[in-house]
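Here is what each chain is made of, one letter per residue.
Protein chains: 2
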Amino acid sequence: MYKLKCITCGTIYDPEPNMYTCPKCGERYGTLEVIFNYDLINVKKSDFDKHGDISQFSKILPITEYKVKQVVGNTPTYEFKNYYGIKKVFFKYDGTNPTSSYKDRASAIAISKAYEYGYDTIYCASTGNAASSLAGLSAPTDLKTFIFVPKNIPIAKLAQLHVFGANVILVDGNYDQAFDISTKVGKKLNWYSRNSAINPYLLEGKKTGAMELAVQLDFEVPDIVFVSAGDGTVISSIYKGFYDFYNLNLIQKIPKIIGIQAKGADAIAKTFSNGKPYTPVDIIPNTIADSISVGKPRDVIKACKYVEKSGGTFLTVNDEEIKTAIFELAKNTGIFAEPAGAAAYAGFKKAISMDLLKKEDTVAIFITGNGLKDIKAVQDNIKINPIPPVFEKIIEYINGVKK
Amino acid sequence: MYKLKCITCGTIYDPEPNMYTCPKCGERYGTLEVIFNYDLINVKKSDFDKHGDISQFSKILPITEYKVKQVVGNTPTYEFKNYYGIKKVFFKYDGTNPTSSYKDRASAIAISKAYEYGYDTIYCASTGNAASSLAGLSAPTDLKTFIFVPKNIPIAKLAQLHVFGANVILVDGNYDQAFDISTKVGKKLNWYSRNSAINPYLLEGKKTGAMELAVQLDFEVPDIVFVSAGDGTVISSIYKGFYDFYNLNLIQKIPKIIGIQAKGADAIAKTFSNGKPYTPVDIIPNTIADSISVGKPRDVIKACKYVEKSGGTFLTVNDEEIKTAIFELAKNTGIFAEPAGAAAYAGFKKAISMDLLKKEDTVAIFITGNGLKDIKAVQDNIKINPIPPVFEKIIEYINGVKK
Numbered sequence: 001m002y003k004l005k006c007i008t009c010g011t012i013y014d015p016e017p018n019m020y021t022c023p024k025c026g027e028r029y030g031t032l033e034v035i036f037n038y039d040l041i042n043v044k045k046s047d048f049d050k051h052g053d054i055s056q057f058s059k060i061l062p063i064t065e066y067k068v069k070q071v072v073g074n075t076p077t078y079e080f081k082n083y084y085g086i087k088k089v090f091f092k093y094d095g096t097n098p099t100s101s102y103k104d105r106a107s108a109i110a111i112s113k114a115y116e117y118g119y120d121t122i123y124c125a126s127t128g129n130a131a132s133s134l135a136g137l138s139a140p141t142d143l144k145t146f147i148f149v150p151k152n153i154p155i156a157k158l159a160q161l162h163v164f165g166a167n168v169i170l171v172d173g174n175y176d177q178a179f180d181i182s183t184k185v186g187k188k189l190n191w192y193s194r195n196s197a198i199n200p201y202l203l204e205g206k207k208t209g210a211m212e213l214a215v216q217l218d219f220e221v222p223d224i225v226f227v228s229a230g231d232g233t234v235i236s237s238i239y240k241g242f243y244d245f246y247n248l249n250l251i252q253k254i255p256k257i258i259g260i261q262a263k264g265a266d267a268i269a270k271t272f273s274n275g276k277p278y279t280p281v282d283i284i285p286n287t288i289a290d291s292i293s294v295g296k297p298r299d300v301i302k303a304c305k306y307v308e309k310s311g312g313t314f315l316t317v318n319d320e321e322i323k324t325a326i327f328e329l330a331k332n333t334g335i336f337a338e339p340a341g342a343a344a345y346a347g348f349k350k351a352i353s354m355d356l357l358k359k360e361d362t363v364a365i366f367i368t369g370n371g372l373k374d375i376k377a378v379q380d381n382i383k384i385n386p387i388p389p390v391f392e393k394i395i396e397y398i399n400g401v402k403k
Numbered sequence: 001m002y003k004l005k006c007i008t009c010g011t012i013y014d015p016e017p018n019m020y021t022c023p024k025c026g027e028r029y030g031t032l033e034v035i036f037n038y039d040l041i042n043v044k045k046s047d048f049d050k051h052g053d054i055s056q057f058s059k060i061l062p063i064t065e066y067k068v069k070q071v072v073g074n075t076p077t078y079e080f081k082n083y084y085g086i087k088k089v090f091f092k093y094d095g096t097n098p099t100s101s102y103k104d105r106a107s108a109i110a111i112s113k114a115y116e117y118g119y120d121t122i123y124c125a126s127t128g129n130a131a132s133s134l135a136g137l138s139a140p141t142d143l144k145t146f147i148f149v150p151k152n153i154p155i156a157k158l159a160q161l162h163v164f165g166a167n168v169i170l171v172d173g174n175y176d177q178a179f180d181i182s183t184k185v186g187k188k189l190n191w192y193s194r195n196s197a198i199n200p201y202l203l204e205g206k207k208t209g210a211m212e213l214a215v216q217l218d219f220e221v222p223d224i225v226f227v228s229a230g231d232g233t234v235i236s237s238i239y240k241g242f243y244d245f246y247n248l249n250l251i252q253k254i255p256k257i258i259g260i261q262a263k264g265a266d267a268i269a270k271t272f273s274n275g276k277p278y279t280p281v282d283i284i285p286n287t288i289a290d291s292i293s294v295g296k297p298r299d300v301i302k303a304c305k306y307v308e309k310s311g312g313t314f315l316t317v318n319d320e321e322i323k324t325a326i327f328e329l330a331k332n333t334g335i336f337a338e339p340a341g342a343a344a345y346a347g348f349k350k351a352i353s354m355d356l357l358k359k360e361d362t363v364a365i366f367i368t369g370n371g372l373k374d375i376k377a378v379q380d381n382i383k384i385n386p387i388p389p390v391f392e393k394i395i396e397y398i399n400g401v402k403k
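Going down the list, the protein sequences come from chains A and B. Residues 1 to 403 in UniProt numbering are what the first sequence spells out, letter by letter. Residues 1 to 403 in UniProt numbering are what the second sequence spells out, letter by letter.
Treat the hints as calculated values from the structure; they're not laboratory data. Even for Gly, the Cβ is constructed at its ideal location relative to N, Cα and C. Be a bit skeptical, because a hint or two may be false.
[Claimed, not checked] Some chain A residues flagged as far from chain B (calculated, every beta-carbon gap over 12 Å):
1. V34
2. Y38
3. N42
4. K45
5. P140
6. G264
7. N274
[As the list claims (entries may be wrong)] Computed footprint of chain B on chain A, listed as stretches where at least three residues anywhere in the stretch have a Cβ under 8 Å from a Cβ of chain B:
8. 217–230
9. 303–317
[Said to hold, decoys possible] No more than 20 Å apart at the CA atoms, straight line, and that leaves these computed lysine to any residue pairs for SDA-like:
10. K151/B / Y84/A
11. K184/A / K187/B
12. K331/A / D142/B
13. K393/A / K393/B
14. K187/B / I398/A
15. K187/A / P388/B
16. K393/B / D180/A
17. K69/B / Y84/A
18. K184/A / D142/B
19. K359/B / G85/B
20. K69/B / Q379/A
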């Protein structure tokens, strides 16, 4: 029903359980695309439900059976008219997923594939949303889960993993060391890998965000889409979701994709702006936006190629812009986003300031995680003095506030 | 379309903007019930959608127009068969609401009422979910919001309020002082009150949780429902939701309601076990379960009367049982609950151990808040040693874990 194609050399492979990346091009250049024969996929607009979870896209997903208990997807899309002078702005908010981030869309597919291939154990290396997502979604299944985390992981994130009953391996080293040892161990023990970019099916899970948006907008997709980018898989997936729908004649165009990176973690933006052939530029990341704080993005080639195909580009925003965006987004829309999610909104504002948007555009902004996942970015901004519980003092304060 | 009836003296009042509690019976004994003439409400099962948000219950809500932008409700219900030997156990998980708690159901109605009555400002005193919920849902409206919080509020919760742009009044005193001064100021400045129990419409918003469960279960309601109780409004609302549906001939029975309180905050349980006439027993609360850590429950009379009518009772669980419940619930179901939410699950287990449940029972457990709202209850339980990133050492560790 589908094949795997190398993003660099274009070799086409039949899918096999142990096939993750192109053996010829390696893990960095050889990430794989899932390609479908669209003629064999029989879907029409009325097959889809505005309130459906991601299992409704099963016919366009590389799985034989959807195996996840929780409701993944069916996240809200909010419309604001004449927002910053733009005709229609849609906010797609994925913080209401089971573990409160976009990553649940990927983990759901990884778990389904693990079952399909008969694995009893699934693993990943991560410090963040991918880890909690895998731990949470696999909790009510009978899969064993191992999460490799670096020693400096915040205690709160470690706690979340334990709560879901995942086996946590605290590696006495940094993230890269945890990642490398996880791959070695996973291969040796024949575990299924949920490491981002390495596993081509994760992107397929994530593409459901774009498809869901299209369904919720009655298949009238926006002109331009803003999405934050770390390792490059989410942004690639947004393109792929629209691409599949376009090829299935469900939508009339593919939106321009604008990738937003933190200034302190702009490896993909740098690679993109250097032009073709895309050659990964790695950096030492430094940004408050944890989930997109990536120095060596594993899906950089795909991200650059897809964004280019869409007619889009990359923009960067600094940490101050991200912080401001968290507050403004929450105040204007009621969405409390984690820093990586708010980065997309900061990028939208940057595009406005650069006159990249037209009044008559329709725009969608993907907000990929719940602000409760990372409150340290906002709590420093709070300065407030206590007031005695005395009527006159309180009234005086309120009169000051109201002006 | 509806009237207000005092829970103690039974006097019936026509609703008025400034009417919160019965003037004869006072704030504690005189909380009001919203009563409908069910003959005038024309609804049938097919009017309701398993994926609808709470606005679908508008005909059975005391509002003229639903005015909230975010998707409140449409939270998942998960079914587990033969769970602890019980035929069917349903978990109703409200952590996916806009601000990640059950309280959004109440705030949505409070905001709609504030608009209906022409108020420009809405307020509450709170340190927790009610505050963030009001701040979050009112953010994209043009209502001004004032939140009175005691000085000792955790910085994380304070941050969340600021993010949504609410005006925060940090009262140099405890919660009771903040509550009392908020009421005085609110009355004086003619603001709308979202203080729990005092405002009878909050319970009406919360009752949608029971109605939604009924709709999702094809109107076959469970035999027994577990729900945690703090000030008594949520548990009363669960009864009221089923009661309304029963009187509208949509369901065939009202489930037994089992209220779960933390041992350190068992004011309602004590009042209930002392028997009729219910006389509030106040205590000094001490429990890790913030959201139900209430010493002077404001809806205690209603909670006792409704639970009695349902044929249910109250049980208490200690903090250790609540902590254990968080982990077990997460592991078994994939739901990461805040302590108050997990208390209901701990109560379910207590009921099992007391032989209160029969094999053929169907049971529902309300999980009222997302664990990300309060991680301190779990992080102390984490003890784990780092392992060097050496293949053999990691394998050795894994072999130990697998046994």
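Hint-by-hint comparison with the structure:
For V34/A, the condition that its CB be more than 12 Å from all CB atoms of chain B holds, with the nearest at approximately 26 Å. Every Cβ of chain B is farther than 12 Å from the Cβ of Y38/A; the closest lies at roughly 29 Å, confirming the non-interface assignment. No beta-carbon of chain B is positioned within 12 Å of the beta-carbon of N42/A; the least distance is around 25 Å. K45/A, annotated as away from the interface, keeps every beta carbon of chain B farther than 12 Å; the closest lies near 18 Å.
Distance check on P140/A: its Cβ comes as close as 5 Å (rounded) to a Cβ of chain B, failing to clear the 12 Å threshold; non-interface status is violated. At roughly 22 Å from the closest C-beta of chain B, the C-beta of G264/A stays outside 12 Å, upholding its exclusion from the interface. Residue-level check passed: N274/A sits 32 Å from the nearest beta carbon of chain B, beyond 12 Å. With 0 residues carrying a beta carbon less than 8 Å from a beta carbon of chain B, the region 217–230 of chain A misses the three-residue requirement, and the given coverage is violated.
Under the rule that three or more residues need a Cβ within less than 8 Å of chain B, the assignment of the region 303–317 of chain A is violated, with 0 such residues. Taking the CA atoms of K151/B and Y84/A, the gap is near 37 Å; set against the 20 Å cutoff, the hint is violated. For the hint linking K184/A to K187/B, the alpha-carbon distance of about 66 Å lies beyond 20 Å, and the restraint is violated. For the hint pairing K331/A with D142/B, the CA-to-CA distance comes to about 11 Å; that is within 20 Å, so the pair holds.
Between K393/A and K393/B the alpha-carbon distance is near 63 Å, which puts this suggested pair outside the 20 Å criterion. Of the supplied pair hints, the one linking K187/B and I398/A holds, its CA atoms being roughly 14 Å apart against a limit of 20 Å. For a cut-off of 20 Å, the pair hint linking K187/A to P388/B stands: about 19 Å separates their Cα positions. For the hint linking K393/B to D180/A, the alpha-carbon distance of about 14 Å falls within 20 Å, and the restraint holds.
Our distance criterion of 20 Å between C-alpha atoms is met by K69/B and Y84/A, whose separation comes to about 19 Å. The hinted pair formed by K184/A and D142/B fails the criterion: a straight-line CA distance of about 56 Å is larger than 20 Å. A threshold of 20 Å between alpha carbons decides the hint, and for K359/B with G85/B the separation of about 6 Å falls inside it, so the pair holds. The straight-line distance between the Cα atoms of K69/B and Q379/A is roughly 26 Å, outside the 20 Å bound, and the hint therefore fails.
Consistency note: the structure conflicts with the earlier hints numbered 5, 8, 9, 10, 11, 13, 18, 20.
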